[in-house]
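Colleague: Two independent chains are provided; combine them into the complex using the hints.
Chains as they are written, first to last, in our numbering: chain A, 1 to 113; chain B, 114 to 224.
Just so you know, the hints here were simulated from the structure itself, not pulled from any lab data.
Each hint should be verified, as a subset may be incorrect.
[What the hints assert, rightly or not] Non-contacting residues of chain B with respect to chain A, defined by C-beta distances greater than 12 Å in every case (computed): (1) Ile125; (2) Val126; (3) Asn135; (4) Thr141; (5) Asp144; (6) Val167; (7) Phe175; (8) Asn180; (9) Lys184; (10) Met191; (11) Asp192; (12) Gly196; (13) Ser198; (14) Leu207; (15) Lys211; (16) Leu221.
[Unchecked claim] DSS-like cross-link-like pairs, simulated, lysine-lysine; straight-line CA separation at most 27 Å: (17) Lys118/B x Lys44/A; (18) Lys44/A x Lys170/B; (19) Lys155/B x Lys128/B; (20) Lys11/A x Lys155/B; (21) Lys155/B x Lys44/A; (22) Lys211/B x Lys44/A.
Where a beta carbon is used, it is the ideal one built from N, C-alpha and C, also for glycine.
Single-letter residue listing:
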Amino acid sequence: EAGVAQSPRYKIIEKRQSVAFWCNPISGHATLYWYQQILGQGPKLLIQFQNNGVVDDSQLPKDRFSAERLKGVDSTLKIQPAKLEDSAVYLCASSWRLAYEQYFGPGTRLTVT
Amino acid sequence: QQQVKQSPQSLIVQKGGISIINCAYENTAFDYFPWYQQFPGKGPALLIAIRPDVSEKKEGRFTISFNKSAKQFSLHIMDSQPGDSATYFCAARLGGNKLTFGGGTRVLVKP
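Just chain B, same shape as in the assembly (with noise of 0.2 Å):
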């Protein structure tokens, strides 16, 4: 069952774009949303994260918007580079530290 949706599976933007990655879930125990990013061949590493008690988390050109109501939350990667090309992923975090990820995103930045 999958319990973190995410959209698109793919895009592609322009160097200096705003990149959007959507996600959405449907267990409310979820207490803690982290993005990870993941280069080929290499394992993912923590990009972002966000309590939801939290609306907003800004951390360089990475911002994560949080609707607790709606149960969504999303990733805009702002001016985005050439080297932000990667898959992006997001999940959810039980109580744990037991992550359910989302399907992944895959970003290519044409320059």
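Chain A on its own, in the form it takes in the complex (with noise of 0.2 Å):
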């Protein structure tokens, strides 16, 4: 079974620039979750959606932040304009159904400079 696969792996911007990020969950998974991961922290949770519908997005900072799933399946996380802060690695991740074990794709290391 292939895994969380996330794309590109590393990317480097100047700030005020814009990024997009994209994931697809594995196959048959209804939810998908976008975490951020500072350097030294653990994994926060950005945005959560089942199938296409957004379940909780209360820590994503809507002013810059946005994703979307089409289709219930991919999705892509984007930031504009980037700030400084938002140097980290942003992890997807996905699970059969609400309440199951959540699965991690290997991340997003993004660098502003």
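Modeller: This is how it looks when you write it as structure tokens:
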């Protein structure tokens, strides 16, 4: 069974630029999560989708971050414009349904200069 | 607001020794407590998990001890091996599968 796929793996941008990350969850998984992991900290949930609907986006900085999950499969997370403090690893995870084990992808390491 | 506090931030243990990582929480609404293992350049992977109605769970060399009254839980890694060198995160779950992670513990097992 293929795992959660993410791209790109690394991205370097200047502040005020835009960036987008892509996630392809495990086939058949209805629930998809985006986390932000700042160096030396635990992952922090940004947004959670159930199929193509948002379940929780309470910790998503909506003035600059946006996410979508069209057709209930792949998802993209966008930052526009980026700030220095957005430098982090952005992890995507998926689970079969709510309350089931979450499987994480390898993450995208973003550096904002 | 950090809802799950994890300690220590790092630890070094000799091969064959015991690694112990502690976590504390405040929110009594948490209903599930997983531990994740993360290697450099990889995403976290579920290691072992426990529900609050159980005081201990063991899987191979990994054991979770859970103290509901103290709102604390810990991970014990017995007979630590160099391959166990990784960062470990405790987490706690609210309804809807929303996980709150601790700050992480970097474990180094010396051969």
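Colleague: Could you run down the list of hints and mark each one as holding or not?
Modeller: Against the structure, the hints come out as follows:
For Ile125/B, the requirement that its beta carbon stay farther than 12 Å from each beta carbon of chain A is met, with the minimum near 17 Å. Separation of Val126/B from chain A is adequate, the least Cβ-Cβ distance of about 20 Å exceeding the 12 Å criterion. Every CB of chain A lies more than 12 Å from the CB of Asn135/B, the least distance being 15 Å, so the non-interface label holds. The claim that Thr141/B is not at the interface with chain A holds, since no C-beta of that chain comes within 12 Å of its own (minimum 18 Å).
For Asp144/B, the shortest C-beta to C-beta distance to chain A comes to about 9 Å, within the 12 Å cut-off, and the non-interface label is violated. Distance to chain A confirms Val167/B as a non-interface residue, since its nearest Cβ pair spans about 17 Å, more than 12 Å. Even its closest Cβ contact with chain A, about 16 Å, leaves Phe175/B beyond 12 Å, as expected for a residue assigned away from the interface. Every CB of chain A lies more than 12 Å from the CB of Asn180/B, the least distance being 21 Å, so the non-interface label holds.
Distance to chain A confirms Lys184/B as a non-interface residue, since its nearest Cβ pair spans about 18 Å, more than 12 Å. Distance to chain A confirms Met191/B as a non-interface residue, since its nearest Cβ pair spans about 23 Å, more than 12 Å. Listed as outside the interface, Asp192/B is consistent with that label: its C-beta sits roughly 26 Å from the nearest C-beta of chain A, beyond the 12 Å cut-off. The Cβ of Gly196/B lies farther than 12 Å from every Cβ of chain A, with a closest approach of about 19 Å, so its non-interface assignment holds.
Even its closest Cβ contact with chain A, about 17 Å, leaves Ser198/B beyond 12 Å, as expected for a residue assigned away from the interface. For Leu207/B, the requirement that its beta carbon stay farther than 12 Å from each beta carbon of chain A is not met, with the minimum near 9 Å. Separation of Lys211/B from chain A is inadequate, the least Cβ-Cβ distance of about 6 Å not exceeding the 12 Å criterion. Against chain A, the non-interface label of Leu221/B holds: every CB pair exceeds 12 Å, the least being about 15 Å.
Between Lys118/B and Lys44/A, the direct Cα distance comes to roughly 14 Å. Compliance with the 27 Å bound is thereby established for this hinted pair. For the hint pairing Lys44/A with Lys170/B, the CA-to-CA distance comes to about 26 Å; that is within 27 Å, so the pair holds. Among the hinted pairs, Lys155/B with Lys128/B is consistent with the structure: their alpha-carbon atoms are about 23 Å apart, no more than 27 Å. For the hint pairing Lys11/A with Lys155/B, the CA-to-CA distance comes to about 16 Å; that is within 27 Å, so the pair holds.
A threshold of 27 Å between alpha carbons decides the hint, and for Lys155/B with Lys44/A the separation of about 16 Å falls inside it, so the pair holds. Distance check on the hinted pair: Lys211/B and Lys44/A sit about 10 Å apart at the alpha-carbon level, within 27 Å; holds.
In summary, the numbered hints that this structure violates are 5, 14, 15.
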